[in-house]
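Participant: Letter by letter, the chains look like this.
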Amino acid sequence: MKIHAYPYNDFVIPFLIGTVLLFSIIIYKYIRWIRRFSDEQRKVIRSNWYSWKIFPAIWEMIREGLLHVRILKKNLLLGIMHQAYALGWFLLIVVGAVESRDAFFTMQHEQNIENVYELENQNGWYIYTTGTDKNPQYLNQRRYRVETEDGIARIHYHRPFYVGIFYRYFVHKAPASFRQHKAYSDLMDGLLIYVFLGLTMAIIKIFWSKILGMRRTTKHTLVDRFAKFSLWMIFPMRLLAESVTACLYGNGGFFTQAVGDLFDPMIVRGLETSVWMLYSLMLGVFFVTMPFTRYMHIFTELLLIYFRKIGVKEETGRTGYTYFELNACSRCGVCISGCPMDKVLENHEIQSVYLVRSLRNQERGSRLKMIADNCLMCDRCVVDCPVGIDLSALRRQTRDKGAIDTTGNYKYLDNKRTPFNAIGRVAYFGGCMSHLTPGITESMERIFTAAGQKYWYMDKLSTICCGRPLQQQGFMNQAAELRQKNTELIEKSGATMLVTSCPICYQSFKKEYNLNIPVVHHTEYIDMLIKQGRIKVRHDDCKVSYHDPCELGRGCGIYDEPRSVLSAVTNLQKTRYQREKSVCCGFNLGNTRLSIEEQTKIRNASLENLTSKPVDAIVTACPMCKKAFQHATHDYPVRDIAEVVAKNLIN
Amino acid sequence: MIQSLTVRTMNKFGFAIKTPRSENMDQVSLERYNKLLDRVPSFKRCFQCGCCSATCSARQFTEFSIRRIHTSFRRGEYNGLDEELKKCMLCGKCTLVCPRGVNLRSLIINMRQILDETK
Chain D
1 MKIHAYPYND FVIPFLIGTV LLFSIIIYKY IRWIRRFSDE QRKVIRSNWY SWKIFPAIWE
61 MIREGLLHVR ILKKNLLLGI MHQAYALGWF LLIVVGAVES RDAFFTMQHE QNIENVYELE
121 NQNGWYIYTT GTDKNPQYLN QRRYRVETED GIARIHYHRP FYVGIFYRYF VHKAPASFRQ
181 HKAYSDLMDG LLIYVFLGLT MAIIKIFWSK ILGMRRTTKH TLVDRFAKFS LWMIFPMRLL
241 AESVTACLYG NGGFFTQAVG DLFDPMIVRG LETSVWMLYS LMLGVFFVTM PFTRYMHIFT
301 ELLLIYFRKI GVKEETGRTG YTYFELNACS RCGVCISGCP MDKVLENHEI QSVYLVRSLR
361 NQERGSRLKM IADNCLMCDR CVVDCPVGID LSALRRQTRD KGAIDTTGNY KYLDNKRTPF
421 NAIGRVAYFG GCMSHLTPGI TESMERIFTA AGQKYWYMDK LSTICCGRPL QQQGFMNQAA
481 ELRQKNTELI EKSGATMLVT SCPICYQSFK KEYNLNIPVV HHTEYIDMLI KQGRIKVRHD
541 DCKVSYHDPC ELGRGCGIYD EPRSVLSAVT NLQKTRYQRE KSVCCGFNLG NTRLSIEEQT
601 KIRNASLENL TSKPVDAIVT ACPMCKKAFQ HATHDYPVRD IAEVVAKNLI N
Chain X
1 MIQSLTVRTM NKFGFAIKTP RSENMDQVSL ERYNKLLDRV PSFKRCFQCG CCSATCSARQ
61 FTEFSIRRIH TSFRRGEYNG LDEELKKCML CGKCTLVCPR GVNLRSLIIN MRQILDETK
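Chains as they are written, first to last, in the working numbering: chain D, 1 to 651; chain X, 1 to 119.
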């Protein structure tokens, strides 16, 4: 005969229902999305899912999913808040599980009748026997002695998975030999306080988000607020439940015991299971709402990191990976603070967080279109996003033009032939915009000549657009056609390197084309020439501020080369918003909805940042930005890096 | 002589003298044009200077005048416009040079969309 001790109380039911629903919905969703991966993505997953790439993936999952290093680096307080929640709760679960395992292990080994008696007095345990004995299933006797062959009663302690969550209730009194009991309960209390730290910061954030470094927070829907409330209530309920139990049985740690001692045992005796029920209910409600609210990011982000790290990429159309990206968004609203549309134009509707939410809620119609179109595509939100979602790609997908994105539009370009053999030369692509700022192309030609570099100015007379403006507006087929024309042209010429003056073209050639020659922006090229000593420059005594163009800086990560070139020829002043934080000039080709007045407002904000300290000139590296600033100011000359260098050439 | 030189030069930018014709604007349905004005209000400012055509990248390769297209659209002559509009590479030079601040890229996309919707 065997005696079984099984911890159970009715209050675990809401928690159990919540857990089962949560995991079945999430697994159902994940399977659906995984089945929608494109063939290309499947190939990547099949070849990499179990390769060495999983080690960096797992490391990033720990670093971003638990420690939140990326948010901590960007915004310390916000990082601490989220870390307190995520890591704190995770540790509460893990430590709870370990604690219950240790305690049950001790109970299993040190058992005597007294121990059973102890259990029997508590509601939370079912004690029943199996075997040949015909006793009633539940032993209700107050004292009993079970005779087995060796005269000792053996009890089997069952440990269902929820024991760790409700441990203090089920183990009112730990076995005497479980000496770590006090240490564990203090540790758990410490973790609970850690979570409360996050909770306090979250409440402060609602009323005064600036303290946490957020200029503006997301406007949440009712469902999201409800889920947030149930999440917030979990931890006070846990504290309440544990302190009531601590008040009655004295098994709390330093915090719960202190709170519990405030209660009157006579009053709370009848309430014990009720407060535990409230705790369980809050968990259950939160779990059920989780897959339908922003809290879906908790598990999805981990999978997203895994897929991204093994090499899956966003494509031009919607795939299963897109669903992972959409659901990994936590709607934290970090993308709102930096957005120039929000900051300067007071447009609080179009930020990436709302785009992702609309897409996730499968909205259609003019509102979604407006959100998708009315964006500068300056990529500020992409570098800010703590989850690392490819927000620009999502926007491009949403802008997809469908029926009017036709093929075979550019047959007339067949007339353009490579004028001469450019084997061994550097191909120079000015780009459409550079033709409006001839200073840049002329300076580049002077620099090429000074460096003794033979070059082929491939679009001196007529430019085939790189295709990125079309791509940005969702004309995927048309953009592909232009890319094909340019690729043919470049590959036929036999050039060894492609230098472009326009960051828009540069990003396109670098990321969207598959050229077999290196592609560099002219800032990189000039930097190389100066470092190799092929051009000699003098250092003048002007003071300049440098504007990081969106496409060059945030788009391609070129921040250092322009600065190194500028410090070689002139004195570079720092500005308040620079590098990733640079403010878009407002004339980015990404937006077709803004009127010229609104663009001008953004430009003025950007200009204000560049001229906050006294400077002699504003320098940029993009013909578009140059044109934008040129229109705005007569007080400061606006120059391109190439022009500044050409002016200071010695040879 | 100067006059003929001007005409020859201007021809290149879509300013050629057209054969005279008359059109009764009362009989033209301007429904699509009004729709376009709703979506691209800045088009109201256009004074048809032709800077957009003069700077156009596509114009350097083929017979394509964005000025002629939006003028036709304004007059309710839609024949062949959608085919013509496809030649645009959307590079944005026209928008940048426009002295009246007309959002030409938006204009082109919306003209194409309106023509597609009301086909």
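Honestly, I wouldn't trust all of these hints.
Calculated lysine to any residue pairs in the SDA-like style (CA-CA distance at most 25 Å, straight line) [claimed, not checked]:
(1) K411/D x N110/X
(2) K460/D x F61/X
(3) K601/D x F61/X
(4) K460/D x E63/X
(5) K369/D x F61/X
(6) K119/X x K601/D
(7) K119/X x G408/D
(8) K401/D x L85/X
(9) K35/X x G402/D
(10) K18/X x G408/D
(11) K411/D x K35/X
So the derived list for chain D, only partly shown, Cβ under 7 Å to chain X, looks like this [as the list claims (entries may be wrong)]:
(12) L67
(13) R70
(14) A403
(15) N409
(16) Y412
(17) C432
(18) Y457
(19) L589
(20) T592
(21) Q630
(22) H631
(23) A632
Derived by calculation from the structure, the hints in this document are not laboratory data. Every residue, glycine too, gets a C-beta built ideally from N, C-alpha and C.
Participant: Hints first: check each against the structure and report whether it holds.
Facilitator: Hints and how they fare:
At roughly 23 Å between alpha-carbon atoms, K411/D and N110/X fall within 25 Å of each other, so this suggested pair holds. Of the pairs offered as hints, the one joining K460/D and F61/X holds, with about 13 Å between alpha carbons and a cut-off of 25 Å not exceeded. Of the pairs offered as hints, the one joining K601/D and F61/X is violated, with about 36 Å between alpha carbons and a cut-off of 25 Å exceeded. A distance of roughly 19 Å separates the Cα atoms of K460/D and E63/X; the hinted pair therefore holds under the 25 Å criterion.
Proximity of K369/D to F61/X is assessed by CA-CA distance (about 33 Å); at most 25 Å being required, the pair is judged violated. Taking the CA atoms of K119/X and K601/D, the gap is near 38 Å; set against the 25 Å cutoff, the hint is violated. Of the supplied pair hints, the one linking K119/X and G408/D holds, its CA atoms being roughly 20 Å apart against a limit of 25 Å. Of the supplied pair hints, the one linking K401/D and L85/X holds, its CA atoms being roughly 15 Å apart against a limit of 25 Å.
Of the pairs offered as hints, the one joining K35/X and G402/D holds, with about 20 Å between alpha carbons and a cut-off of 25 Å not exceeded. Restraint check: the Cα-Cα separation between K18/X and G408/D comes to about 30 Å, which exceeds 25 Å; the hinted pair is violated. For the suggested pair K411/D and K35/X, the alpha carbons sit about 31 Å apart, so the restraint of at most 25 Å is broken. At a threshold of 7 Å, the smallest CB-CB gap from L67/D to chain X is about 43 Å, leaving the interface hint violated.
Hint status for R70/D relative to chain X: violated, with the closest Cβ pair at about 34 Å, above 7 Å. This hint holds: A403/D has a C-beta 6 Å from the nearest C-beta of chain X, less than the 7 Å allowed. For the restraint placing N409/D at the interface with chain X, the shortest Cβ-Cβ distance is roughly 4 Å, inside the 7 Å limit, so the hint holds. Annotation: interface hint on Y412/D holds; nearest CB of chain X at approximately 4 Å, less than 7 Å.
Hint on C432/D holds. Least Cβ distance to chain X is approximately 4 Å, under the 7 Å limit. Look at Y457/D: its Cβ only gets to about 15 Å from chain X, farther than 7 Å, so that hint breaks. With its C-beta approaching chain X no nearer than about 5 Å, L589/D sits inside the 7 Å limit, and its interface hint holds. Satisfaction of the interface hint for T592/D is found here, the shortest Cβ-Cβ separation to chain X being roughly 4 Å, below the 7 Å cut-off.
The closest approach between the C-beta of Q630/D and any C-beta of chain X is roughly 11 Å, which is over the 7 Å cut-off, so the hint fails. A least Cβ separation of about 9 Å between H631/D and chain X goes past the 7 Å threshold, and the interface hint is therefore violated. A distance limit of 7 Å between C-beta atoms decides the matter here; for A632/D the minimum to chain X is near 13 Å, and the interface restraint is violated.
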